[in-house]
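Listed here are the chains, written in short residue letters.
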Amino acid sequence: MRDEEKKLCQEPIIEARKLTMAYGSLVVQKDLNFKVRTGEVKVIMGGSGCGKSTLLQHLIGMMAPAAGEIFFFGEPIPSEEGRLRNLRKRFGVLYQGGALWSSLTLAENVALPLEEYTDLNKREIAELVDFKLSLVGLSGLGRRYPSELSGGMKKRAGLARAMALDPEVLFFDEPSAGLDPLSSRRLDELILSLRETLQATIVVVTHELDSIFAIADSALFLDSGKKTATAEGDPRKLRDDENAPSSVRKFLRREADS
Amino acid sequence: MSDQGRQFGVEVREEEGEVVWSFSGEWVLRVASNQRRDVYRKRLVHSLREGRKIRLEMKRMKDWDTSFLGFLEALRKTGVNEHGCTFVDESVPDGMRKLMNLAKAVPEVPSEKSEKPDSFLTQVGLGTVGVFQGIRCYHEFIGKLLLDFGRLVLGRASWRTKDFWLALQQAGPQALPIVTLLAFLTGLIIAFIGAIQLQKLAADIFVADLVGLSMTRELAAVMTGVIMAGRTGAAYAAQIGSMRVNEEIDALQSLGISPIQFLVLPKVIALVLMMPLLTAFANVVSIFGGLLVAMGVTDVTVAQYHWQIVGAVSGIDVLVGLFKSMIFGVIIALSGCYRGLRCGKDAASVGRATTSAVVTAITWIVVFDALFAVVFHILGI
Chain D
1 MRDEEKKLCQ
11 EPIIEARKLT
21 MAYGSLVVQK
31 DLNFKVRTGE
41 VKVIMGGSGC
51 GKSTLLQHLI
61 GMMAPAAGEI
71 FFFGEPIPSE
81 EGRLRNLRKR
91 FGVLYQGGAL
101 WSSLTLAENV
111 ALPLEEYTDL
121 NKREIAELVD
131 FKLSLVGLSG
141 LGRRYPSELS
151 GGMKKRAGLA
161 RAMALDPEVL
171 FFDEPSAGLD
181 PLSSRRLDEL
191 ILSLRETLQA
201 TIVVVTHELD
211 SIFAIADSAL
221 FLDSGKKTAT
231 AEGDPRKLRD
241 DENAPSSVRK
251 FLRREADS
Chain V
1 MSDQGRQFGV
11 EVREEEGEVV
21 WSFSGEWVLR
31 VASNQRRDVY
41 RKRLVHSLRE
51 GRKIRLEMKR
61 MKDWDTSFLG
71 FLEALRKTGV
81 NEHGCTFVDE
91 SVPDGMRKLM
101 NLAKAVPEVP
111 SEKSEKPDSF
121 LTQVGLGTVG
131 VFQGIRCYHE
141 FIGKLLLDFG
151 RLVLGRASWR
161 TKDFWLALQQ
171 AGPQALPIVT
181 LLAFLTGLII
191 AFIGAIQLQK
201 LAADIFVADL
211 VGLSMTRELA
221 AVMTGVIMAG
231 RTGAAYAAQI
241 GSMRVNEEID
251 ALQSLGISPI
261 QFLVLPKVIA
271 LVLMMPLLTA
281 FANVVSIFGG
291 LLVAMGVTDV
301 TVAQYHWQIV
311 GAVSGIDVLV
321 GLFKSMIFGV
331 IIALSGCYRG
341 LRCGKDAASV
351 GRATTSAVVT
361 AITWIVVFDA
371 LFAVVFHILG
381 I
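These protein sequences, in sequence, are chains D and V. Residue numbers for the first sequence follow this note's numbering, beginning at 1 and rising by one. Residue numbers for the second sequence follow this note's numbering, beginning at 1 and rising by one.
Hints should not be assumed to be uniformly reliable.
Said to hold, decoys possible - Within a straight-line C-alpha distance of at most 27 Å, the following computed DSS-like cross-link-like pairs (lysine-lysine) qualify:
#	chain 1	residue 1	chain 2	residue 2
1	V	77	D	154
2	D	122	V	345
3	V	104	V	59
4	V	116	D	154
5	D	250	D	30
6	V	98	V	59
7	V	77	D	122
8	D	18	D	226
9	D	89	V	98
10	V	62	D	89
11	V	116	D	122
12	D	154	V	59
13	V	104	V	77
14	D	237	D	226
15	V	200	D	154
16	D	122	V	162
17	D	154	V	345
18	V	162	V	104
No lab work stands behind these hints, which were simulated from the structure alone.
Extracted from the complex, chain V is given alone in its bound form:
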């Protein structure tokens, strides 16, 4: 800003009872620096007094852009609203006056959102109401789902077998690689940690019991549940959520097709059918992983491991795991679909729906797992 042309400024003077704001130089973004503008703003605000007339003079102004107008209009607003000043803008260039008029063409909508956040009590109240509404909506959803399931059993639902096969494919075979990998590694890890401890007691062979029981009864189902919640549950929420944004759900409803029959039921049933299969597979793979560790770290042979597993793990244990995995399948599919259907109509809410689908599913999986542990203990299974 060495040369004269790159200057900008404003002069305040009094003339015949009027205040004159005389702008000069280049009031454009790339020239006008923040600090100088702030100084000028203070000077101009200072000259705003009760009921004064302010004349805008721009003869010496070389260039301007909308950043100048934003600056000026904010000052004008303060002047008119807070000090009752009047502005005279006869010497304003034509282009600028047109822009000013355009800006004033539509009156300002009074802001309906209050600036300050709600009070604590209001927040608690709204939160509580929200929780009850949520519970209500969830029950409504479950109710509709059960009714539609009834219709499906009676053969009166709009059911597309092609979609069902697709859902089966997505929830089953396509999830197999990741489930295999993680189950294998989990079996390996449990066996490894167990083997080191059990060696100290010279009870190496019990590695088989450890891996077999913990995986079949608990871990295989929970692990598969967590994987499927992150993989398939999230996909359900995102898919149904974007369908909502795209008004595809509305289109279904306007045709009289229940989105629950059309979208939710195939997914729920597919996941409930596939979860036990995936879990059974995870059982086998993780026991195999345990075997590798048992053979590598301890002196247990394949035959010993085999007989030890057969002796330790009963059919009931396996069935308990598979049963739990079915329930987890219901939880995952329901939270995914429910969150998707309740999704708002913009991109951000699809993200929220997906996150909350996964979080809800994993939370309920753990809660139900704990409940099952208690119930099975009481029942003596």
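This is chain D alone, in the form it adopts within the complex:
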């Protein structure tokens, strides 16, 4: 699957320039400049309420920046509906609780994007859905409804749906929220093996330290006090780097303010 081509290509897939996010006059974060490179796992981290999820909303084009720009594949996110729809086909989003449609079975949930965006026939959709469910370890459960699944299963099912169209970028909103340490670790491993096998670029919003250290190639720290990103880089290095801003080190070392 275009392996060589993709490894060579270190072009940023997403780039934010002087991005300012605001709800009305309330500025959440300002002056964000960062790049997400093709094939990397980028973690957006920070304390609760720092604007992580808002940033995710901006990246997937659900909210428009108050100032600055976000580039996808070298082009600004289009505001026009049809082109935005085309762009959205190229990425998948896993929401916090899985956000499965409760009136559809698991298989129907995963099949919906395929029915909408491809001209595959029923049989091929069924085959593909089976395969995607087996990738996330849910094979044979396609006929269940979301209400019949545990929290971890819902998340994995949401992941199967997010991957339905073989997206180039996968966004995860708090993947480990509400999971026990083991399931959360299994999900991290799944994310890594998907990155490796599907060659997808992955953007994760989280504050779980264990996940951050386990999966991140690079992390962006959003400071809720200064209202901007104060650090970017390998989280393991940031933790041990004495020159890094103290708020980042405290965050990564779980040190409370004394």
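With the hints as your guide, set chain V onto chain D.
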């Protein structure tokens, strides 16, 4: 697909007792068309025979995505399960093999839901059991409600006056505009239809009797009931239903607070108090609507209309209407709250709960109205 790079295909050949599936070209969604895939699938299935060894060859493959893997894995499943074939995948690219292994990492859970629908007898049986369970649950609910009402009367219930005022506000003043509008229009319509017929008999003045009696005794209460079922009953079911989805009901119960005392009682009492007031108001407005038609279409004057109404409509008629509206209030509030409390834990069941709250309420309103008609007739009221 004119250029060579946009082709995809598969070749089946036999080599040293093995079947070789040799894939080539670009097996990706945007290139590989449905019809061609179907042809290839048939060709590949055809080569699956008892106990054969199948070698996968992908040297000439340029590109692939998971749609190819879905295609291949389905074939492999058929081959292994139905024909006992073995697959050799040495020449499969690394990335693809990793994905295949990932897909096999967790064994398939045997499907516990049977494919075919239940037989007719099973369905009837399950349906009957369901009906009895429903009746049982409803009685349990009514029982608890009565017990909690008793506690409330004795002053031992967890009762929040603020919530009660809010419920009163929602069930009363906020419903007034729509009730006014519809009552006014109903009065207008009845008077209009009546006036045209009565004019033929030169009995124009009886428009007042028609509007006054039909509205006070029957229509005002039923109309208000239907409006409130759609407005307030649905709101109760949706609110309590989403509280259930959000585990707010569980939170109340875990604190030892009865959701019936906390949520249901204020709503029921508010609606029972407000329904007669709304109905009384609807009476007045609809009679006024009738007056406009009587004056516009016929020659009846305000004074004539007034005296005719006073003569035709007795206090008993008005009280019968108001009494019925109270009962309707109980029906609406109970079906809304009951359906909300019995709601499942997902978004779709909130929708079902709301629908069934409205349908239940309107059905019982009509049934009770018919019962009242018979009972009042026997009692001579």
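Hints, verified against the model:
| no. | hint | result |
| --- | --- | --- |
| 1 | V:77 x D:154 | 26 Å, holds |
| 2 | D:122 x V:345 | 30 Å, violated |
| 3 | V:104 x V:59 | 23 Å, holds |
| 4 | V:116 x D:154 | 26 Å, holds |
| 5 | D:250 x D:30 | 22 Å, holds |
| 6 | V:98 x V:59 | 17 Å, holds |
| 7 | V:77 x D:122 | 18 Å, holds |
| 8 | D:18 x D:226 | 15 Å, holds |
| 9 | D:89 x V:98 | 25 Å, holds |
| 10 | V:62 x D:89 | 23 Å, holds |
| 11 | V:116 x D:122 | 19 Å, holds |
| 12 | D:154 x V:59 | 38 Å, violated |
| 13 | V:104 x V:77 | 11 Å, holds |
| 14 | D:237 x D:226 | 22 Å, holds |
| 15 | V:200 x D:154 | 71 Å, violated |
| 16 | D:122 x V:162 | 55 Å, violated |
| 17 | D:154 x V:345 | 14 Å, holds |
| 18 | V:162 x V:104 | 58 Å, violated |
Consistency note: the structure conflicts with the earlier hints numbered 2, 12, 15, 16 and 18.
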